[in-house]
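**Student:** These protein sequences, in sequence, are chains C and V.
For what it's worth, the numbering used here labels the leading residue of the first sequence as 69, then goes sequentially.
For what it's worth, the numbering used here labels the leading residue of the second sequence as 543, then goes sequentially.
Derived from the structure by calculation, the hints contain no laboratory data.
Wrong hints could be hidden among the right ones.
Heads up, simulated DSS-like pairs for lysine-lysine below, C-alpha to C-alpha not over 25 Å straight-line [stated by the list, open to error]: (1) C:Lys99 to C:Lys141; (2) V:Lys568 to V:Lys578; (3) C:Lys209 to C:Lys141; (4) V:Lys578 to C:Lys209; (5) C:Lys101 to V:Lys578; (6) C:Lys97 to C:Lys141; (7) C:Lys165 to C:Lys99; (8) C:Lys141 to V:Lys578; (9) C:Lys97 to C:Lys165.
This one's a predicted model, so the numbers in the text were calculated from it and none came from an experiment.
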Amino acid sequence: MSPVTIAPPRSTPLLWQHLQQALFISELKSKRKSSALEEMVSALVTAEVTRHPDGVLDAVRRREALGSTGLGKGIAVPHARSTLVTERAIVVARSPKGIDFESPDGLPSHLFFMIVAPPLERDPVYLNLLAEIVRSVRLAKTRQRLLDATNFAALRRILHEAAHE
Amino acid sequence: MSETTYEGLDALVQLQDVDCLIKELKDPEMASHEVKLGFSVEGISGLERTRERLASQVDGRLLQTYERMSRRFFRVIVPIAGRVCSGCRISLPTSSFNRNSDGASYDLCENCGRILYRR
């Protein structure tokens with residue numbers, strides 16, 4: 069595989085470019101990790117990113133089995149490449165009550181960014197997205213604003229601002 | 543072309559996704575990138591066991607084709623998008639949508655040889 073360079077945020081952040089209303093879940097119904105992943109994958113079906121939720125879920129769970137994608141501080145970024153998705157996509161979900169995502173700090177996760185992408189040999193965008201999400205939520209005030217964002221427009225605005233902070 | 547269904551290619555599709563993950567984990571730069579971002583990445587041996595299990599579920603001839611093609615392409619099994627092979631972007635001949643050549647439950651792109659499945 070060729071070396072991957074992580075680019076700094078652009079004027080239009082990558083994450084922001086990938087946001088879709090159909091892929092925003094303002095409040096997860098699930099209380100457990102397993103069903104939360106299912107709920108997020110269901111959004112991918114609704115948005116016509118995949119017609120095969122079981123296969124995509126298998127890919128996401130396989131990645132989780134390597135180590136939780138819970139980053140701590142209430143953030144989790146489940147991600148996987150799957151042959152069964154048509155395009156790169158991000159589900160953003162909130163859980164005000166929090167879900168145990170086996171994060172290293174032992175705290176529940178409240179904000180979820182699920183990234184799925186088809187397997188491509190050269191796809192720096194996928195890695196850049198991971199990096200951009202981590203950068204975007206590094207500030208406690210941004211995390212709190214995102215957690216308070218109950219609608220898609222607010223989410224977009226906050227993430228756009230966060231990319232330029 | 544014989545009927546191509548997701549069910550018939552299920553194990554192979556999963557196998558390709560596992561292979562992709564294994565390749566990423568074995569690539570030092572890719573793996574270290576995730577770790578630097580704070581993700582935990584362990585247990586590649588479990589993935590290799592999963593690969594073996596999935597491989598045992600794939601028809602022998604199909605698996606052989608996949609293994610051979612994977613030396614040439616990163617992504618061997620690709621969806622048909624419209625009437626186009628999404629691997630090489632070449633339009634598939636109309637006749638290939640009706641042919642039932644040898645009773646196989648999969649088809650190959652006549653241009654690049656990748657294994658095709660319908661979305």
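**Student:** If a hint holds in the structure, say so; if it doesn't, say that too.
**Tutor:** Against the structure, the hints:
1. C:Lys99 to C:Lys141: 18 Å, holds
2. V:Lys568 to V:Lys578: 16 Å, holds
3. C:Lys209 to C:Lys141: 12 Å, holds
4. V:Lys578 to C:Lys209: Holds: V:Lys578 and C:Lys209 sit about 23 Å apart, inside 25 Å.
5. C:Lys101 to V:Lys578: With a Cα-Cα distance of about 24 Å, the restraint between C:Lys101 and V:Lys578 holds, given a limit of 25 Å.
6. C:Lys97 to C:Lys141: 21 Å, holds
7. C:Lys165 to C:Lys99: Holds, at roughly 8 Å.
8. C:Lys141 to V:Lys578: Since the Cα atoms of C:Lys141 and V:Lys578 sit roughly 16 Å apart, the hinted pair holds (cutoff 25 Å).
9. C:Lys97 to C:Lys165: 10 Å, holds
In this structure, none of the earlier numbered hints is contradicted; all agree with it.
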